[in-house]
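J.: Take a look at the letters that make up each chain.
Protein chains: 2
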Amino acid sequence: MAELAPKELFGSLASIVGGKRVSIVKRDREVYARDMWPRLLINRRQGGELEHLPHAVVWPESEREVAAVIRYANKQGIAVIPYGGGSGVCGGVVPLRGGITIDLKRMDAIQSISREELVTDVQAGANGERFERELRSKGYTLGHFPSSIYCSTVGGWLACRAAGQLSTKYGKIEDRVVGLTFVTGKGEVIKTDEFARARRGPDWTQLIVGSEGCLGIITSARLRISPAPEITVLRGFEFDNVQEGTRAIRKVMQRGLKPAVVRLYDEVDTFINHISIFESHSEEALETDGLCPWPTKDSGALPALPTPGGEGTRKSGGAGERAMGLGRKLASRIKHGATAAALARPKLVNSTFGALANTVSNSGCKMIIGLEGPRLRTEVEAQLTFAAIERAGGRDEGEEPGLRWLAHRYAVSYKMSPLFREGGFVDTMEVASTWERLPDLYESVKAAIAAHAVVMAHFSHAYADGCSIYFSFAGRAEGLQETQNKYDEIWRAGMAAATRVGGTISHHHGIGLLKGQAMHTEHRESMTLFRALKNTFDPNNIMNPGKMGLPLHGEMSIL
Amino acid sequence: MAELAPKELFGSLASIVGGKRVSIVKRDREVYARDMWPRLLINRRQGGELEHLPHAVVWPESEREVAAVIRYANKQGIAVIPYGGGSGVCGGVVPLRGGITIDLKRMDAIQSISREELVTDVQAGANGERFERELRSKGYTLGHFPSSIYCSTVGGWLACRAAGQLSTKYGKIEDRVVGLTFVTGKGEVIKTDEFARARRGPDWTQLIVGSEGCLGIITSARLRISPAPEITVLRGFEFDNVQEGTRAIRKVMQRGLKPAVVRLYDEVDTFINHISIFESHSEEALETDGLCPWPTKDSGALPALPTPGGEGTRKSGGAGERAMGLGRKLASRIKHGATAAALARPKLVNSTFGALANTVSNSGCKMIIGLEGPRLRTEVEAQLTFAAIERAGGRDEGEEPGLRWLAHRYAVSYKMSPLFREGGFVDTMEVASTWERLPDLYESVKAAIAAHAVVMAHFSHAYADGCSIYFSFAGRAEGLQETQNKYDEIWRAGMAAATRVGGTISHHHGIGLLKGQAMHTEHRESMTLFRALKNTFDPNNIMNPGKMGLPLHGEMSIL
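Sequence lines, in order, name chains A and B.
In case it helps, our numbering puts the first sequence at residues 1 to 559.
In case it helps, our numbering puts the second sequence at residues 560 to 1118.
Isolated chain A (complex conformation) (with noise of 0.2 Å):
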């Protein structure tokens, strides 16, 4: 594979897709090099180099062309990589070893919407809005809204097993999905459960989801879809700090009551998000920066973002309004370029926000709360979940907060931080745990990443049993090494927190090359069966070789 002649290459390729749909021009190979993990973007705003590129890309546009680039690539050795919409944000689609990237984004077919047994066909190809309008325009929702939906697919959400903003209703992708159609490392189609709930052994299609391209490339797939909602009922409610907000959500979730959303804001987050530092604005939301390449078949026809809704203002005056000027001016100096100072501090920063935080006395926590379904049991239901939430110490603020939250909801996968042109870096880190281990993790991962970065947290994606936690942070360094060096020490000190106190390394982001080494520590016996699985699946290595914690070279082994 080293000696890999291109224009051998390119002619064995456009012999199975056809000329117009292989390239093995720089400009093309470069683009399909990266995904949206920060790393990359780090390292492109800062003049560094790629250093790995696809040797060629290949847009097909059937199962059986699939089939066939895998048996030739699987033939001679050449690494595979699926590539969806690009939107990752842990480096799964980096082709390490170069090859082929498979951009299945042609094969976006909605086969079929069935109204009798509320399940829909699509292939994997499918863009997340696109495939979200045609169900909605038909009476039926798949309730998967991951933030990147406008510039994510199906295959993509199944590969590393998504959530959406509204997954505490409708589950994680993985459970939607009732069976799906995948072509394995061999060039094998293999075709799963059709029907979710008669099953018989174990469970195929859960082996395929979240298994990132390195068994094999999932094709199309039968997702559950549901009546879309009458009505939504939104709410916002303020707590004195997390830990009353995380038990408020917890009595919630064990009673069986079904919010479709809650996100807890901590005292961090909330303070910012309301002197709107990090807060994304729909006029900058279309701003990609060329980092979401998207299909030329019908292209430039994303559809516009939500507007806006009306702008929360709130007042409070003395010492309180002093901390906010004071705020304001900090992020305002994040904002607007002034970074290296504060951000070169971040422990000062951390201490000062959750300061401010703290005497702000109304700053509080925020929560969003949202519920949405047929109308007269959505009322119901909003009225025992709100009712639930003031009996654990909520104050309710109305629907506004909500409202604002919904019209944003979709922006941050858009927004490409100004902190990268600043020599910066923004990043998010999603662990989970169970209720009991919350506390701990939430403590342990902010001060993994606080002695680096500039940190605050919310909660979201609640279940009975526990919750995940998502960080974001902002960083910087001098240079592109020492910012590198910074980038990668935050994450293994985030992930080492969240492994020693019992949490897991990722809700819904996936692994990709990012977390691959915390595979080991986190799975333990269980990746033996990951490696035989890809011994079956892929025994010569060729299926996105080297994420996940899977080896980059050679063929597997069994142990």
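Wrong hints could be hidden among the right ones.
[As the list claims (entries may be wrong)] When the alpha-carbon atoms are kept at most 20 Å apart in a straight line, the in silico SDA-like pairs for lysine to any residue are as follows:
#1 B:585 / B:603
#2 A:251 / B:933
#3 B:810 / A:116
#4 A:251 / B:585
#5 B:697 / A:436
#6 A:169 / B:785
#7 A:169 / B:730
#8 A:191 / B:1086
#9 B:585 / B:655
#10 B:750 / B:698
#11 B:810 / A:141
#12 B:817 / A:228
#13 A:258 / A:116
#14 B:817 / A:191
#15 A:258 / A:175
What the hints contain is simulated information worked out from the structure, not anything from laboratory work.
Nothing here was measured: the structure is a model prediction, and the numbers come from that model.
Start from chain A and add chain B according to the hints.
T.: Frame of chain A, contents of chain B only:
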């Protein structure tokens, strides 16, 4: 293994678990040679010999002992069969190559019940009813109520992907499990995810659930619990026919309503149930015929079954009354011994019952539906659900039919049908499909069985996308060989019919020996995966060999 010296075997096992917890006595080996598979009951009742006995039975008390027994067996190439309550109906525990049967029932500790996370840690040998009773005493429920609950174990449920009677609300056991500990065929202990929704990569738990001892032995599990319901609301409805009844169930499920139980009996099942042929009676309920061996630890402590509710009587006159009389006579003949004539003419009996069910104008199709949970929400949900059913053509019959069902709901697993004594047999076949295929599945499987046996069906375990059908049938032939041939032919024809119309071969009884062949037609390419897993976990093929369509002899080869 052919020349396994009993004394050596005893000595080796005694060195692991102590001499008192090993047996090579024939009587014990006979007890553990079988489960409740009707084919084995036929054999037993007609004086056939048990073809396969284990060489030894052991009763380990710890995971460590289980692992040590398996490591010993693996070294010697001796087969190992896990054994829970022995209530399986597919021959899953038959020791086809002899070997060591491991009874898990001494590992029955409820290790923890967490109020904080609503989960419980329990050992695999825990008896279902005792486990549920313990949870109830603390204010919780597992929500899993198989009719075998008095004589089945947690490990058995997980091994076969069991469904309880209230699965429509609480899910199948696969939905209640968070993670599990199991010992592979190499004697390694593997612990899968503790926090279900934080999955990274493939789902290992769901790979072991449903593997029926072919990959290893489940020794403990973490399961989700729910607050015990405040109220239960039950109701009976009547429909003109099966089509209307199933349409009503579909509508309820697709609106997102969550009844705990919905059961729709077809015309014949409704008719027969009414005249009490197959209905179990509580006074017979504990007549287990010695087929459900339970540990001596604190034996005899099986709690009394619920007492029956008021007897439902129904008035009808004229032709209806005469038809009922005829039906009752027929039923009585089957019930009280004069079965040969009736069961030798299954087609005649089926058509007679069918005609009777249709002519008795108010016979129709009965539905039992129940909801449970917190008072207010359950009352609202019940009103909405019952209204939806009435709109779909259901005629409200009040709560009495529901109470009657509730009183008898566990009886079937205890009833040793008198038909076996008369040289006949009864069995059940549970298949499933999507709503679209359901009418075809019902007609095709019914016709396939009806050629050989008296058959009736009910629909239960409903989902938004489909439903399962539970056929009950009774047959008879002259002599052991003929009876077995007829029994086998019913299953062959029934499975083929299900596969032909796109149904699945099982919904919750598992595969075992009975449906092994059908695994291949159903899973096709996915069987490659199963063999690969088997090869990883159990390279010497010692774990429950020859079950689930996997080979009986020889090591596993991947392809």
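J.: Next step is simple, just say for each hint if it's right about the structure.
T.: Status of the hints after comparison with the structure:
The hinted pair formed by residue 585 of chain B and residue 603 of chain B meets the criterion: a straight-line CA distance of about 16 Å does not exceed 20 Å. A hinted pair counts as satisfied when its Cα atoms are at most 20 Å apart, and residue 251 of chain A with residue 933 of chain B qualifies at roughly 14 Å. Under the criterion of a C-alpha separation no larger than 20 Å, the hint pairing residue 810 of chain B with residue 116 of chain A is consistent with the structure, at around 9 Å. With a C-alpha separation of about 55 Å, the suggested pair residue 251 of chain A and residue 585 of chain B falls outside the 20 Å cut-off, and the hint is violated.
Between residue 697 of chain B and residue 436 of chain A the alpha-carbon distance is near 19 Å, which keeps this suggested pair within the 20 Å criterion. Between residue 169 of chain A and residue 785 of chain B, the direct Cα distance comes to roughly 17 Å. Compliance with the 20 Å bound is thereby established for this hinted pair. Straight-line distance between C-alpha atoms of residue 169 of chain A and residue 730 of chain B comes to about 16 Å, which keeps the hinted pair within the 20 Å bound. A C-alpha spacing of about 11 Å is found between residue 191 of chain A and residue 1086 of chain B, which places the hinted pair at or below 20 Å, so the restraint holds.
Taken as a hint, the residue 585 of chain B and residue 655 of chain B pair is honoured in the structure, with Cα atoms around 16 Å apart against an allowance of 20 Å. For the given pair, residue 750 of chain B sits about 28 Å from residue 698 of chain B by alpha-carbon distance, which is inconsistent with the 20 Å threshold. With a C-alpha separation of about 17 Å, the suggested pair residue 810 of chain B and residue 141 of chain A falls inside the 20 Å cut-off, and the hint holds. Between residue 817 of chain B and residue 228 of chain A the CA atoms are separated by roughly 17 Å; this keeps the pair inside 20 Å, and the hint holds.
Annotation: proposed proximity of residue 258 of chain A to residue 116 of chain A is violated, straight-line Cα distance about 25 Å (limit 20 Å). As the CA atoms of residue 817 of chain B and residue 191 of chain A are separated by approximately 30 Å, the hinted pair breaks the 20 Å bound. Taking the CA atoms of residue 258 of chain A and residue 175 of chain A, the gap is near 15 Å; set against the 20 Å cutoff, the hint holds.
The structure is inconsistent with the numbered hints 4, 10, 13 and 14, although it conforms to all the rest.
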